[in-house]
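*Asks:* Construct the complete structure from the given sequences, taking the supplied hints into account.
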Amino acid sequence: MTSLAARFGFRRASTAVDQAGWGRTVFAGIICFIYFFPVLVIIVTAFKEHTDALAVPAKLFPTTFFGLIPERLTFDPTLDNFVNVFSRSYSAGAEAQGTGFARFFFNSIFIAGASVLLALVIGTLAAFGFSRHPLKGNDTYLFIILTTRMLPAIVVIIPVMLLFRVTGLSGTYTGIILLYTAFNLPFTIWMMKSFFDELSPDVEDAARLDGSTDRRVFFKICLPQVVAGLAATAVFGLILTWNEFLFALLLTGVETRTVPVAMSQTIGGDIGVRWGLLAAIETLFLIPVMLVTFFLQNHLLRGVTFGTVKR
Amino acid sequence: MSSTTFSASERPGLLSPHWGNWRLACLLAIVVIPLAIMVLPSVPAFWVGFAAAGLVAVTAVVNAWGRHTGGLLVAPAVAVLVMMNIFPLLWSLGLSFFAYRADRQTMNFLGLRNYVRALNDPVVWDRLTTTALFVVLTVTAQMIVGFLLALLFSKQFPLRRYLLILVLTPMMLSFVAVGAFFRYYYDPTFGLVSQVAKWFTDDNFVLVSSTAGAVTAIVIADAWMWSPFVMLLVLAGLVSVPKHLYEAAAIDRVPQWRRFWFITFPYVKGLLMLALLFRTIEAFKLFDVVFILTDGGQRTETIALYVYRQAIQFNKTSESAALSYILLFTVIVLTNLYLYLANRRSAGDAA
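Chains as they are written, first to last, in numbering that gives the first Met the number 0: chain A, 0 to 310; chain B, 0 to 350.
There is no bait here: all hints are sound.
Computed, partial: chain A to chain B, Cβ under 10 angstroms:
1) Y34
2) L177
3) F186
4) D213
5) G228
6) V260
7) S263
8) A278
9) N297
Worth flagging that the hints you see were computed from the coordinates, not collected in a lab. A virtual CB, placed ideally from N, CA and C, is assigned to each residue, including glycine.
*Replies:* Next comes the structure, spelled out in structure tokens:
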């Protein structure tokens with residue numbers, strides 16, 4: 000590894016976590032299953048007909064596993080709900096029409112992705128500034144940034160709506176992306192600052208002494224060490240904006256509507272909740288976030304080098 | 000001209016044209032923009048104004064480059080935050096001093112009367128107490144469960160990656176779905192919780208019919224959703240402890256609990272505190288789960304829910320704004336206290 004870091008004698012500590020065996024897997028498996036169970040029920044419900052969803056006793060199993068499960072606890076799985084997500088008939092006997100859900104999914108992905116990316120870039124730079132070039136009154140600025148999160152959404156909504164209407168941002172992508180970026184910034188800044196604070200300045204000083212520019216120091220030395228922080232921030236930011244409802248309800252137009260808003264509309268109009276349909280929407284909606292988290296978790300859990308370089 | 004630093008003798012005057020002279024740019028903008036508005040039609044005037052503002056920004060950046068690096072790095076973030084967060088905050092703070100109602104569009108200056116009225120209202124204090132109760136319960140539950148889960152995942156074992164995703168999923172669900180489905184679970188007739196309880200008690204089990212039950216229901220739903228957050232942060236800390244410290248401790252035969260307290264905990268403490276801070280702030284704003292599960296019934300109405308009702312159902316915009324700022328003030332005081340204690344402890348540790 001001939002990165003700048005390696006050249007300066009800066010090595011990653013052996014951060015491989017301890018190995019534990021299959022016993023732990025079993026134990027963890029049981030606990031995780033219990034924890035995951037409510038979600039599992041949602042996923043299973045997505046495959047049920049409407050009457051099955053309301054059945055007592057709960058029909059949890061799609062098949063009798065060779066007669067192990069009594070017949071009355073099983074149901075016939077169906078994919079109707081998933082089809083209904085994208086096109087369904089809105090009244091009895093009517094033609095099935097497209098619901099535009101594909102667009103809503105795209106909107107959610109685009110808006111969440113853009114705002115998280117933007118918050119990461121701007122926030123990490125700002126965190127680096129707060130950490131390495133502290134200004135007078137640094138703590139005050141950081142605290143004010145934190146206070147932006149403390150107000151209940153309802154209070155901020157009215158001025159924001161007015162602001163959007165005046166500037167013409169209402170219902171546009173730019174507006175909602177900027178707003179979500181502002182939501183993600185406080186957490187990003189605080190998190191990344193705490194990671195940057197932990198880094199030892201010795202390696203950076205050594206690099207600078209050898210003539211490295213500030214930019215190289217940032218990108219080649221500081222940034223690789225805080226990858227865990229970046230991953231964690233990205234995951235949280237993504238989850239937050241992905242599921243955000245209140246602001247999306249009020250500030251997105253027909254073109255830019257996100258899935259949570261659309262979901263609430265499917266609950267509202269129908270007589271009694273169509274649990275199967277709701278479950279299907281939620282299951283589909285869950286997949287992108289799970290994928291991103293799955294791929295990021297390596298970076299999340301990779302050990303960082305706190306403590307390798309003696310302070 | 001690459002450098003913008005000058006020695007004292009050759010420092011440029013106000014009028015010398017170079018790219019770092021932000022004062023000159025501001026002067027130009029102040030002169031040019033009103034002229035443009037008066038003389039030119041609106042579209043060119045807008046572009047002239049835009050260009051002038053751009054010039055000010057560019058000169059400020061050039062001036063700051065290399066000298067005020069901190070300010071430069073921080074500026075974009077501050078700009079976005081001010082525009083989207085601080086400005087609305089100040090606006091609604093201003094509103095809270097008037098008697099503004101969204102449906103009547105009247106504006107009478109009231110000074111602090113909204114605040115006084117809110118603080119004297121027993122209903123408000125009841126809601127605050129409920130909210131405080133929720134905060135303590137959910138945050139404690141999340142911290143404990145999150146920490147235990149992180150301990151579980153702190154070692155590498157087969158299938159760890161997949162099991163981790165399972166535990167992280169509750170956090171990824173949307174509130175609408177969680178609320179709806181937990182109502183489904185808690186439903187007396189076909190909910191799963193009731194069906195399990197029926198095994199034991201042979202009767203319809205209505206969890207949300209009593210205050211304690213409703214509070215428990217909400218706490219369980221909320222803690223279930225957010226414990227993974229704490230878990231992730233603690234895990235990032237646990238994983239970063241260098242192994243050689245544990246090896247040294249094993250050689251010295253240090254007992255387990257000492258190992259935990261002196262080796263593990265310092266690395267975890269920072270992130271644990273961060274998790275505590277953010278979850279507490281969020282818990283004070285608890286709204287979604289309560290709204291969907293109980294809609295404030297059974298004395299579970301939190302302050303955020305109350306503010307929402309005042310603002311939306313009764314259109315008491317100013318009063319709800321005043322109430323929110325009381326809440327904000329409380330949270331600020333608590334956070335300050337927390338930060339002060341946290342800093343004092345770490346200063347003491349470093350000594």
